[in-house]
Amino acid sequence: MRLLSNFLTSRWGPILTGIVVGVLAPILVKLGNPGNMGICVACFSRDIAGALGFHRAATVQYIRPEIIGFVLGALIAALLFREFKPRGGSSPLIRFLLGMFAVIGALVFLGCPWRAYLRLGGGDWNAIPGILGLFAGIGLGIVFLKRGFSLGRSRPASAAVGWVMPVFVIILLVLLLAAPLFGRDADGNPVGPIFFSEKGPGSQYAPLLVALFVGLLIGFLAQRSRFCTVGALRDIVLLRDAHLFNGVLALVAAAFVTNLLLGQFKAGFAEQPVSHTNLLWNFGGMVLAGLAFTLAGGCPGRQVFLSGEGDGDATIFVFGMIVGAGVAHTFSLASSPAGPGAYGPSAVIIGLIVLTVIGLTMRETRAA
Amino acid sequence: MTETKTLDVRGLSCPEPAMQTREALLALGSGTLIVLSDSFTSRTNIERAGNKIGWKAEVTQADDETYRITFTK
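As given, the protein sequences belong to chains P and F, one line each in that order. Residue numbering for the first sequence follows our numbering, starting at 337 and increasing by one per position. Residue numbering for the second sequence follows our numbering, starting at 1391 and increasing by one per position.
Bear in mind the hints are in silico, worked out from the structure with no lab data behind them. This one's a predicted model, so the numbers in the text were calculated from it and none came from an experiment. Don't be surprised by glycine CBs; every beta carbon is placed ideally from N, CA and C. Be aware that a few hints might be false.
Heads up, simulated DSSO-like pairs for lysine-lysine below, C-alpha to C-alpha not over 27 Å straight-line [said to hold, decoys possible]:
{"#": "1", "chain 1": "F", "residue 1": "1463", "chain 2": "P", "residue 2": "535"}
{"#": "2", "chain 1": "P", "residue 1": "421", "chain 2": "P", "residue 2": "602"}
{"#": "3", "chain 1": "F", "residue 1": "1442", "chain 2": "F", "residue 2": "1463"}
{"#": "4", "chain 1": "P", "residue 1": "535", "chain 2": "P", "residue 2": "366"}
{"#": "5", "chain 1": "F", "residue 1": "1395", "chain 2": "F", "residue 2": "1446"}
{"#": "6", "chain 1": "F", "residue 1": "1395", "chain 2": "F", "residue 2": "1463"}
{"#": "7", "chain 1": "F", "residue 1": "1463", "chain 2": "F", "residue 2": "1446"}
{"#": "8", "chain 1": "P", "residue 1": "535", "chain 2": "P", "residue 2": "602"}
{"#": "9", "chain 1": "F", "residue 1": "1442", "chain 2": "P", "residue 2": "482"}
{"#": "10", "chain 1": "P", "residue 1": "482", "chain 2": "F", "residue 2": "1395"}
{"#": "11", "chain 1": "F", "residue 1": "1442", "chain 2": "F", "residue 2": "1395"}
{"#": "12", "chain 1": "P", "residue 1": "482", "chain 2": "F", "residue 2": "1463"}
Taking CB as the label site, the calculated pair distances span [claimed, not checked]:
{"#": "13", "chain 1": "P", "residue 1": "471", "chain 2": "F", "residue 2": "1444", "range": "24 to 30 Å"}
{"#": "14", "chain 1": "F", "residue 1": "1421", "chain 2": "P", "residue 2": "461", "range": "48 to 54 Å"}
{"#": "15", "chain 1": "F", "residue 1": "1422", "chain 2": "P", "residue 2": "598", "range": "52 to 58 Å"}
{"#": "16", "chain 1": "P", "residue 1": "348", "chain 2": "F", "residue 2": "1452", "range": "25 to 31 Å"}
{"#": "17", "chain 1": "P", "residue 1": "475", "chain 2": "F", "residue 2": "1430", "range": "24 to 30 Å"}
{"#": "18", "chain 1": "F", "residue 1": "1430", "chain 2": "P", "residue 2": "686", "range": "37 to 43 Å"}
{"#": "19", "chain 1": "F", "residue 1": "1453", "chain 2": "P", "residue 2": "347", "range": "26 to 32 Å"}
{"#": "20", "chain 1": "F", "residue 1": "1455", "chain 2": "P", "residue 2": "679", "range": "41 to 47 Å"}
Input sequences plus hints: build the corresponding full structure.
If you want it as C-alpha cells, here you go:
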C-alpha cells in the first residue's frame, strides 16, 4: 500500500491517473454515457442540478454516480493515508461565485477541462478553441496570481465541515436509487422532487455500478496523485514544472487510442456529440472557466476530490457549480448543439468582469 | 550571524505555497530558508519547486499539523 502511494505521489502518479481516465471515460461512453462525455465534471454537475429540480431542462437530468464515486474514492484515499483534514475559511463566498461562473463558462463551451481533453481525444476539433480559451483563462489567472491574488488562508475546522460533501453524495446515491416522486403537478400526476431525463444526454448513462466503481477508482487515484487539468498548465508557467501536464497528455493519448479501438473516434467539427461549432464562444466560455478554476486553485475534478478529503472551501466551490448549472439553464446561458444560448455570451462577459474585479482586489498581506 | 528567514504558507491554496517559496528562494539567492506547510500536497510541491532551482530540501515534522521544510544552497 505504501509502495502504491509512493508511486502515485511521484511524477508517475498524474500520468497513471491520466491513462486510467483516458481509457475508462470512452468505455463509459461505450456503456451508455453521452458521446465524448465519459466524464465531465461540469456536465455532470449540471445533470445533478437538473435531477434535483434546480433547472427544468428536461434533457439533462440525472444523478451521475461518477461524481458520487469521485468524492467517496477521494475520501477513502484520504482516510487511508491520513490526509482527511477538515478545513475551511478561505473566502468561501468568493469560492461559491467562482464555482458558479466556472460552470457557466464551461456550459457555454459544453464541457469542463476534463471533457475538453476527452473531446479532443475523440476527434471533436471544436475542443481546440475551447482548450485555447482554457489556456487563455489560466494565463489571465496567472497574471492575477503574480500580482498577489490570494483567497487567504484556510484554517483547520471541526470534523462536521469535512463530512458535508461525503454525506451529501451519500444522500445523492440514496436519491438515485429511490428516485422518490412525492410531488404532484397541476393534474395530480406524481412529479419530482427527483427528475430523470427520458431523452437527451441525461437519459444516456452507463450502468450504475460500473459508473460508481469508475468514479471510486479515479477519485482514489486522483486524490493520491493530485491530478489537476488546470494546475497542469499553471505549474508549467509559474513553476517550470510539467509533472501535472504529463497527466493531461497521457489522458488525451489514452482517450485517442481507446476511442480508436472502440470505433468511437470521429474527426471533424460538424455533428459532434453534445458540442457546437461556434469558435468564438467555445473559446470565450473556456476563458471564463479557466480563469475561475485558476483563481479557485484547481480544476473542477480537483475541487471535487478536495471536497472529499475535508476541504470545506472546495465543497463550497462544488455547490457553487451545482447552483451555477441550474442558473445556466434557467437563464438560457448554456449552449446546445445548435449554438450558444441566448444570453450565454453576455453571461461570459459579465463573468469576466466580475472575476477581473475579484482577481485584482483579493489579496493577502504576505507574512514573510 | 544572519537570521534564518521563515516563510509560513500554511492554509494557502495551490499554487501559492510553491509559488511563494520559489519567489523567496530566487530572491535569497543562497543561504537557508525555512518554509512551514500544513499539507502533504503543498509539502511535495514546495520541495519540487525548490529542487528545480537547485536548492536542497530537508523535511521534518514540526508538529502534528506542520511540516518544516529547510532549504539550503
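Handout entry: Verdict for residue 1421 of chain F, residue 461 of chain P (Cβ pair) under range 48 to 54 Å
Key = holds (51 Å)
Problem - Hint consistency between residue 482 of chain P and residue 1395 of chain F [alpha-carbon to alpha-carbon, up to 27 Å] - result: Given pair residue 482 of chain P, residue 1395 of chain F holds - Cα atoms ~21 Å apart, limit 27 Å.
Handout entry: CB-CB spacing for residue 598 of chain P and residue 1422 of chain F relative to the 52 to 58 Å hint
Key = holds (55 Å)
Exercise for the section: Compare the distance between the alpha carbons of residue 1442 of chain F and residue 1463 of chain F with 27 Å, and conclude whether the hinted pair is satisfied. Expected result: holds (12 Å)
Problem - Satisfaction of hint between residue 602 of chain P and residue 421 of chain P, Cα-Cα up to 27 Å - result: violated (44 Å)
Practice task
Starting from the hint 26 to 32 Å, judge whether the C-beta atoms of residue 1453 of chain F and residue 347 of chain P obey it.
Solution key: Since the Cβ atoms of residue 1453 of chain F and residue 347 of chain P sit about 29 Å apart, the hinted range of 26 to 32 Å holds.
Handout entry: Consistency of beta-carbon spacing, residue 679 of chain P to residue 1455 of chain F, with hint 41 to 47 Å
Key = holds (46 Å)
Problem - Satisfaction of hint between residue 1446 of chain F and residue 1463 of chain F, Cα-Cα up to 27 Å - result: The hint holds at about 6 Å.
Problem - 27 Å limit on alpha-carbon distance, applied to hinted pair residue 1442 of chain F and residue 1395 of chain F - result: holds (20 Å)
Exercise for the section: Decide if the proposed pair is consistent with the structure: residue 535 of chain P and residue 602 of chain P, CA atoms, cutoff 27 Å inclusive. Expected result: holds (23 Å)
Practice task
Check the following: the C-beta atoms of residue 1430 of chain F and residue 686 of chain P are separated by a distance inside 37 to 43 Å.
Solution key: 38 Å Cβ-Cβ, so the 37 to 43 Å window holds.
Exercise for the section: Starting from residue 1395 of chain F, check that the Cα of residue 1446 of chain F is at most 27 Å away, please. Expected result: holds (16 Å)
Of the hints listed earlier, those the structure fails to meet are numbers 1, 2, in rising order.
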